[in-house]
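Asks: Between the sequences and the hints, there should be enough to build the whole structure, so can you do that?
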Amino acid sequence: MTTSVQPAATGQMAGRPSPTGLADVIDTILDKGLVIDAYVRVSLVGIEVLTVDARVVVASVDTYLRFAEAANRLDMAETGEQGLPEVLETTKGVPSADRTKKVVQGVLEAADEKLTDIVESHGMKKKAPRRREEEE
Amino acid sequence: MGRSTKVSGGSVPEQATPRQQNMASYLYGVVPADLNLASDDRGLGDPPGEVQLVRHGEVAALVSDVNVDQPLGQPDDLLAYERLLDSVAAKGPVLPFRFGAVLASPEAIVEELLTPFHDEFLGALRDLEGQAEYIVKGRYVESALMREILAENPEAAALREAIRGQAEDVTRNERIRLGELIAATIEAKRDLDTRTLLDALSSHYSTAMVRPPSHEQDAVHVAMLARTGEQRALEKALGELGETWDGRVNLRLLGPLAPYDFVIAQEPGV
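Top to bottom, those sequences are chains A and B. Numbering follows the numbering used here, in which position 47 of the first sequence is assigned residue number 47; successive positions increment by one, without gaps. Numbering follows the numbering used here, in which position 50 of the second sequence is assigned residue number 50; successive positions increment by one, without gaps.
Hints were generated in silico from the structure; no laboratory data involved. We treat Cβ as the ideally placed atom computed from N, Cα and C, and that holds for glycine. Don't take every hint at face value.
[Claimed, not checked] Heads up, simulated SDA-like pairs for lysine to any residue below, C-alpha to C-alpha not over 20 Å straight-line: (1) B:Lys189 x A:Thr63; (2) B:Lys189 x A:Ser60; (3) B:Lys236 x B:Pro212; (4) B:Lys91 x B:Ser202; (5) B:Lys189 x B:Ala144; (6) B:Lys189 x A:Leu50; (7) B:Lys189 x A:Tyr64; (8) B:Lys189 x B:Pro256; (9) B:Lys236 x B:Lys189; (10) B:Lys91 x B:Pro32; (11) B:Lys189 x A:Arg66; (12) B:Lys236 x B:Ser203; (13) B:Lys189 x B:Pro213.
[What the hints assert, rightly or not] To spell it out: a stretch of chain A is covered by chain B in this simulated footprint if at least three of its residues, at any positions, have a beta carbon under 8 Å from a beta carbon of chain B; those stretches are: (14) 35–48; (15) 60–71.
Replies: What follows is the structure, given as structure tokens:
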């Protein structure tokens, strides 16, 4: 057996990245890393590992209805009485300089912090997130 | 995931836990033997175990004592595990073990893990030298995404018109068809945007893994193995991409992290 540095197969687990940090951690560590069973079989200790709910992202009728509602909501909330041509124009429009700045700055700030910092800044939650369908 | 670590073969737990008070050694990962631990490194468990290096030759196991009567997997445990491995990854190479790895004792770690696999671990650690994992997550901005899809797809736009102002149960079929179109379009956009991201950052990583989306509106979710010394350049390149995606995709960069996505044990049928 060799231990090599190469892409590992990922499991089917999925989580919802959220500002709590815990979701990021769960996304990142579960089902990844070396598996000890592959190396050691004798003194491996049985210890209960609590399960963490993870919802695999599978498109379903529920998803479809949610997307349709999002499209519908967009119409009412933001485009008002616009027809399709105006929608097209909006899409192709140049974003304002302000927003550009905000997004780029956001990226750079995010890059600066480690996941551990994010975790710390949001404190520790006692429960793993079990519902992932709510909006931001 | 969530799977209990089982004693396999003919051994039974009683034989496997000879240490006092049901304590065992929680294994976080394997590191070079000359790693310097930070004084504030803490392990998981309650109270947090003291983190130690169990050395053998040029490699060492990163461990802490853990009470086997306490189930693992509380959020605090996951956070502690991840924090320790990432703090080590920021300093040097580490081979992370999947959450939940527990062995009977430090002696068992040396005899069963470090001794037989010393050279494999050392080789993998050398491959990782100077590198760590970085994760890029991107989420579509919903309103921009929907606008983009409706503008590009006349059928979607027509369906949207059809459901406007109509009760949900009356337009159920149209809604499902519209949602289906949107879902398929997002998937195609995700593939394209992931490709764009990998191309834009190609000179900044040695290997990349596309992760499954963790949310239905994920634009990109990629783990990369990149040089920690060139993190600024990676951030800059990602920032430039973020600018072209302004208002459309919100990007986040996590790292440096332990290379969870890039270590693998290859079993030739043990």
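Asks: Confirm or reject each hint.
Replies: Hint check:
no. : hint                : verdict
1   : B:Lys189 x A:Thr63  : 17 Å, holds
2   : B:Lys189 x A:Ser60  : 18 Å, holds
3   : B:Lys236 x B:Pro212 : 25 Å, violated
4   : B:Lys91 x B:Ser202  : 24 Å, violated
5   : B:Lys189 x B:Ala144 : 13 Å, holds
6   : B:Lys189 x A:Leu50  : 36 Å, violated
7   : B:Lys189 x A:Tyr64  : 17 Å, holds
8   : B:Lys189 x B:Pro256 : 28 Å, violated
9   : B:Lys236 x B:Lys189 : 24 Å, violated
10  : B:Lys91 x B:Pro32   : 11 Å, holds
11  : B:Lys189 x A:Arg66  : 18 Å, holds
12  : B:Lys236 x B:Ser203 : 12 Å, holds
13  : B:Lys189 x B:Pro213 : 12 Å, holds
14  : 35–48               : holds (count 14)
15  : 60–71               : holds (count 10)
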